[in-house]
Amino acid sequence: MIDELQRELAAAGVRGRWARRALEEAVDHLEESDGDFGDPHAIAAQIASVVGTTRTRRAAWAAFAALSLTGAAYLAAWFLVADGSQPDITSGRSPAVGVAVTLALFFLPQVTFVAGVLMLWRALRVPTPAPAAELRVVRRRAAVALAGALATAGCWALYVQQFQVAHESAILALAGLALVSVSAAAALVRAAGRPRVTPEGAAGDVFDDVGLPALRSHGWSLVACMAGAIGLAAVAVGWHAEGTVADGLVRGVPEALAVLAAYAALGRVLALRR
Amino acid sequence: MRADVSRGHLDLLLLGAVAKEPLHGYAIVEAIRDASEGAFELGEGTVYPALYRLEAGALLASDASTVNGRRRRTYRLTAKGRRELTAQKRDWSAFVRAVEAVTA
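Going down the list, the sequences are from chains A and B. Positions 4 to 277 (this note's numbering) are the ones given, in order, by the first sequence. Positions 2 to 105 (this note's numbering) are the ones given, in order, by the second sequence.
Misleading hints may appear alongside valid ones.
[What the hints assert, rightly or not] If you anchor each label on the Cβ, the simulated ranges turn out as follows: (1) B:Ala95 with A:Ser220: 37 to 45 Å; (2) B:Ala95 with A:Phe82: 32 to 40 Å; (3) A:Arg20 with B:Thr79: 14 to 22 Å; (4) B:Lys81 with A:Gly19: 22 to 30 Å; (5) A:Arg139 with B:Ala88: 28 to 36 Å; (6) B:Ser66 with A:Asp37: 22 to 30 Å; (7) A:Gln89 with B:Thr87: 33 to 41 Å; (8) A:His221 with B:Ala20: 46 to 54 Å.
[Claimed, not checked] Just a few of them, taken from the derived set where beta-carbon distance is under 8 Å, the chain A residues facing chain B: (9) Arg24; (10) Glu28; (11) Ala29; (12) Asp31; (13) Ile50; (14) Val129; (15) Pro132; (16) Pro134; (17) Pro216; (18) Ser220; (19) Ser224.
Because the hints were derived from the structure by calculation, they are not lab data. Beta carbons: idealized from backbone N, C-alpha and C, even for Gly.
Assemble the whole structure, with the sequences as input and the hints as a guide.
Written out as structure tokens, the structure is:
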């Protein structure tokens, strides 16, 4: 019975501490009882579903912590850059790479932020055990958020290589810190997908997350409004900072287009739409 | 009693079983069977995934010890679990009263 349960647990992707615990309790139970324990396959499947949900939720918290650390490192890096003479976007060793890296440092954190918030939101909302499809959404959102953070850290290294900035070593150290924390969280997210979770159910989308399924049919309209609002805010900031409407538009229009492009490219991956 | 009836109220039964004192897995199965005079026969091993789920929700906590050379895990109710038990008992009483009112 114990050997069979061990095999079933391994087949269901439950290994390590959880498997040891289940087997220890099974041994104790069988010693106390008249030898009846139940179907090892069914029990292993139920344990895998609980473990898979618990691990995914914990991995989401770990990912959110790593993303928060990366966010703090990101802000600190900009403060360090601002401490010296801030380089012009076209003054990189290779102007094309310099522009691309600078734009990436503006847009990637936004994708990371949105994916990270949605990841945690879903992770807190799902029951235990959760349907496998819902947990896949949590892990996909985590993967996008962590990939964005990883790319941001890489962009900082490129930025330092491209531009003459103050505090180079400190910025690289911050990027390294982000890299390590994000990599550790990514390993946890990957491991959380191993237990075979069996409950079936729909993956749902962001409208299920916020409890407004009636708005699902207006997805593109809502994103267009959001892109417009974010673009206008960026225009206002650019106008205020540089003094002309044209400078504001240079910031606002690409920002609005980026929101629409991100929705088109990542909408299904992040379960923003079906 | 039909299995699906006890399964539908498994959380209430498990929380209620450990409300008086911490118990290990088999003792919980026995406590429920004895208290219900055999009405609730939980599928032995299937009680553990439910206990893990309640622990993941912080309704139960567990401690490991060694008894007769075997590792044993004992489950106890947390403060959150006690609040949940009170709420579930209240809901259950309201449900029973409503059914009795309809079927009387």
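Which of the numbered hints above does this structure break? Hints 2, 7, 14, 16, 17, 18, 19 not satisfied by this model.
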